[in-house]
Amino acid sequence: MFDKLADIIVNYVEVDREDIKPESRFMEDLGFTSFDFMSMLGEIEDELDIEIVQEEAADIRTVQEAVDYLEKIS
Amino acid sequence: MNSVSSTIRELLVKSEAAHGSWDAFRYKVKQKDAEGKKSVSVASKTYTELKEDSERFSAALESLGESKSHIAILGTTSYEWIVAYMGVVNGGGVAVPLDAQLPAQELCELLNRAEVTTLIFDVSMVQTAEKARKLCPGLKHVIAMNDDSTPEGALSFRKLVGEQEPGFAYTPLPEELATIMFTSGTTGKSKGVMLSHRNLAENATCLDMKIQEGTVILSVLPIHHAYCLSMDILKALSLGSVICINDSLIRVAKNMKLFEPNMILMVPLMIETLARKLEEAAWMPAALVKAKVFGKQFHTICSGGAYLNPAYIQTFKKYGITILQGYGMTECSPVISTNLSWENKEGSVGKLMPNCEAKTVDEELWVRGSSVMQGYYHMPQETADTLEDGWLKTGDLGYVDEDGFVFLTGRKKNLIITPNGENISPEEIENKLGGNRLVQEVLVRDSDGVIEAEIFPDYEYAGKKKIKDMQGELQKIIDEYNKNAPLYKRIFKLKIREVEFEKNTTKKIKRF
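Chains as they are written, first to last, in the numbering used here: chain A, 1 to 74; chain B, 75 to 586.
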């Protein structure tokens, strides 16, 4: 899941693939805006054929938290 | 054809008479078949259905003895939300739209301050409604909308509407208070902006933007904001538009494909993200990129809520998309000026609305007209500080040129305006952080589009408590604050000071 997510992340922000770590924070470290993040979740919904609850996703701060959440609902 | 309405009732009645059987709303409906397979379809409601359902809801409120009361609506955009809003204001009541992202405690405080007696809530907010019933002594009824199951102790919106007949006869007067909208206050306490029928209806209808009837609009902004309520909903309804409801910010791209809109109202943050998508695909022919990202039928973005870099207007022009940049504030219902495709000036936030005049006093822009609020609810001092002889002090530095175009040059008030149009008072966050013993002084500001807190810690206290990792300890305080703050109020940068802040003569921290 981490690799899949990292592949999608590089399409949204200007960051090198190898700089994405589980502990990287989306906004502080990777430079996401809140709307970038929301848009990415929409793409992940389609890619993984899952349904994400926006309110639950609002608490995600790090890549690892996103991986955990996505694994939980997949 | 544009026609000015002076009440929200008049706006709805006129538009229903002209567009009765047309779709007013389209929205997604999720279904599950017998095998549990999910599918999505699009449902719609006509102008006549909207008018009649809202009249039924006015009648339902009257049967509860609540037609002249303050009624809060809590939830994201839905057909029921709009029916509730129209039912409240056109039946003689005052609607109080609330931000569903706020913590329950804060929402209860707003319910009490606005003297709300009925709360209409989206069932996803059931815990907040439960809390409100305990913490808000003035609350008599809670009504659950948009779900088949109604939580215990709550009334069912559908049942209430279903029990009534359409045709509720009440004619609100233009000066009647229609809505109280909360906006960030400089003292840290949010202010209830009082908007009358005339304020809102004339703001939505006084300018002919030459938008065709039947234009399909995708509504993506939060409905408790004046910009969304006035432009996405009231203006669109007055024009006979089809309003498509975006179910989540996560799904804007998907919903654009589903609803095929011609126009969207956005805040700069969204425009910036879309611009990056366009740039990524810049190697492809422009028409193809436009069709892929927006759909062939798409032509206009209205931008408001915050400052938009004019460079984006040019970027979108290449793809045949017009961005109309406007300017406003909740206190002015909210639009003060807007650029039009046939009437615009570079660097300007648009031409003054026809119902608005402006002047510059000590560099600050003041505006006057039929959209200027009645005042702040139960806040006479704040009202007196903001309104003078009918003039609204905008807090923005700027001027109007000889052709009526507004130019902004800076801000007078300490307000952070995020790229998604949320207004945040730095003092509100500073007060919360300052309550911690380790924080001696704190300043909160905007830093490259995110909120930054600069803290001068109490080093003496840290010494006594043998705190070694100052960064870590302060980050803990920030994390604790962030846990309960809505996303747009969270702090994403921390700066630690070695020396205390420079003060002015009244011992206040110098902000700039």
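Please keep in mind that the hints were generated in silico from the structure rather than gathered at the bench.
This one's a predicted model, so the numbers in the text were calculated from it and none came from an experiment.
Cβ atoms here follow ideal geometry from the backbone N, Cα and C, with glycine treated the same way.
Please note: incorrect hints may appear among the correct ones.
Quick list of in silico lysine-lysine cross-link-like pairs, DSS-like style, CA-CA up to 27 Å [to be verified]: (1) K72/A x K111/B; (2) K284/B x K214/B; (3) K284/B x K208/B; (4) K21/A x K391/B; (5) K351/B x K4/A; (6) K21/A x K550/B; (7) K391/B x K4/A; (8) K72/A x K112/B; (9) K284/B x K233/B; (10) K21/A x K506/B; (11) K72/A x K370/B; (12) K263/B x K233/B; (13) K557/B x K486/B; (14) K111/B x K88/B; (15) K21/A x K4/A; (16) K433/B x K21/A; (17) K582/B x K208/B; (18) K392/B x K72/A; (19) K208/B x K4/A; (20) K4/A x K370/B; (21) K567/B x K21/A; (22) K284/B x K72/A; (23) K4/A x K487/B; (24) K4/A x K582/B; (25) K582/B x K487/B; (26) K487/B x K72/A; (27) K72/A x K106/B.
DEER-style ranges, computed between Cβ atoms [stated by the list, open to error]: (28) Q549/B x E18/A: 51 to 59 Å; (29) D59/A x K104/B: 19 to 27 Å; (30) K542/B x D59/A: 40 to 48 Å; (31) R25/A x S77/B: 50 to 58 Å; (32) G546/B x D59/A: 17 to 25 Å; (33) G509/B x D59/A: 19 to 27 Å; (34) N11/A x D463/B: 16 to 24 Å; (35) T120/B x R25/A: 28 to 36 Å; (36) D463/B x E55/A: 38 to 46 Å; (37) P211/B x N11/A: 48 to 56 Å; (38) G509/B x A58/A: 56 to 64 Å.
A quick look at each hint next to the structure:
1. Between K72/A and K111/B the CA atoms are separated by roughly 20 Å; this keeps the pair inside 27 Å, and the hint holds.
2. Between K284/B and K214/B the CA atoms are separated by roughly 45 Å; this puts the pair beyond 27 Å, and the hint is violated.
3. Between K284/B and K208/B the CA atoms are separated by roughly 49 Å; this puts the pair beyond 27 Å, and the hint is violated.
4. For the hint pairing K21/A with K391/B, the CA-to-CA distance comes to about 38 Å; that exceeds 27 Å, so the pair is violated.
5. Proximity of K351/B to K4/A is assessed by CA-CA distance (about 20 Å); at most 27 Å being required, the pair is judged to hold.
6. As the CA atoms of K21/A and K550/B are separated by approximately 21 Å, the hinted pair is consistent with the 27 Å bound.
7. Between the alpha carbons of K391/B and K4/A the distance comes to roughly 34 Å, so the proposed pair goes past 27 Å and is violated.
8. Pair hint K72/A plus K112/B holds up; C-alpha atoms about 19 Å apart against a cutoff of 27 Å.
9. For the suggested pair K284/B and K233/B, the alpha carbons sit about 40 Å apart, so the restraint of at most 27 Å is broken.
10. Restraint check for K21/A and K506/B: the C-alpha separation of about 32 Å exceeds 27 Å, so the hint is violated.
11. This hinted pair does not check out: K72/A and K370/B have alpha carbons roughly 38 Å apart, beyond 27 Å.
12. Simply put, K263/B and K233/B have alpha-carbon atoms about 37 Å apart, too far for the 27 Å limit, and the pair is violated.
13. Proposed proximity of K557/B and K486/B is contradicted: the alpha carbons are some 31 Å apart, above 27 Å.
14. Pair hint K111/B plus K88/B does not hold up; C-alpha atoms about 43 Å apart against a cutoff of 27 Å.
15. Between K21/A and K4/A the alpha-carbon distance is near 13 Å, which keeps this suggested pair within the 27 Å criterion.
16. Taken as a hint, the K433/B and K21/A pair is broken in the structure, with Cα atoms around 53 Å apart against an allowance of 27 Å.
17. Distance restraint check for K582/B and K208/B: the Cα-Cα separation of roughly 39 Å exceeds the 27 Å cut-off, and the hinted pair is therefore not satisfied.
18. Restraint check for K392/B and K72/A: the C-alpha separation of about 42 Å exceeds 27 Å, so the hint is violated.
19. For the given pair, K208/B sits about 46 Å from K4/A by alpha-carbon distance, which is inconsistent with the 27 Å threshold.
20. The straight-line distance between the Cα atoms of K4/A and K370/B is roughly 31 Å, outside the 27 Å bound, and the hint therefore fails.
21. Using a Cα cut-off of 27 Å, the hinted pair K567/B and K21/A holds, with the two alpha carbons roughly 19 Å apart.
22. Distance check on the hinted pair: K284/B and K72/A sit about 49 Å apart at the alpha-carbon level, beyond 27 Å; violated.
23. Simply put, K4/A and K487/B have alpha-carbon atoms about 45 Å apart, too far for the 27 Å limit, and the pair is violated.
24. Between K4/A and K582/B, the direct Cα distance comes to roughly 50 Å. Violation of the 27 Å bound is thereby established for this hinted pair.
25. A C-alpha spacing of about 15 Å is found between K582/B and K487/B, which places the hinted pair at or below 27 Å, so the restraint holds.
26. A C-alpha spacing of about 45 Å is found between K487/B and K72/A, which places the hinted pair above 27 Å, so the restraint is violated.
27. For the hint pairing K72/A with K106/B, the CA-to-CA distance comes to about 21 Å; that is within 27 Å, so the pair holds.
28. For the hinted restraint 51 to 59 Å between Q549/B and E18/A, the CB-CB distance of approximately 26 Å leaves it violated.
29. Restraint check, D59/A to K104/B: a C-beta distance of roughly 23 Å satisfies the suggested window 19 to 27 Å.
30. Our hint of 40 to 48 Å for K542/B and D59/A is violated, since their Cβ atoms are close to 29 Å apart.
31. The supplied range of 50 to 58 Å is met by R25/A and S77/B, whose beta-carbon atoms lie about 51 Å from each other.
32. Checked against the hint of 17 to 25 Å, the C-beta distance between G546/B and D59/A comes to roughly 21 Å, which is consistent with it.
33. The beta-carbon spacing between G509/B and D59/A, approximately 23 Å, falls within the hinted interval of 19 to 27 Å.
34. Checked against the hint of 16 to 24 Å, the pair N11/A and D463/B fails, with Cβ atoms roughly 54 Å apart.
35. For T120/B paired with R25/A, a C-beta distance near 47 Å fails the hint of 28 to 36 Å.
36. At roughly 45 Å, the beta-carbon separation of D463/B and E55/A lies within the given 38 to 46 Å, and the hint holds.
37. Checked against the hint of 48 to 56 Å, the pair P211/B and N11/A passes, with Cβ atoms roughly 52 Å apart.
38. Taking 56 to 64 Å as the suggested C-beta distance range, the pair G509/B and A58/A does not conform, at roughly 24 Å.
Hint compliance for this structure: hints 2, 3, 4, 7, 9, 10, 11, 12, 13, 14, 16, 17, 18, 19, 20, 22, 23, 24, 26, 28, 30, 34, 35, 38 are not met, and every other hint is.
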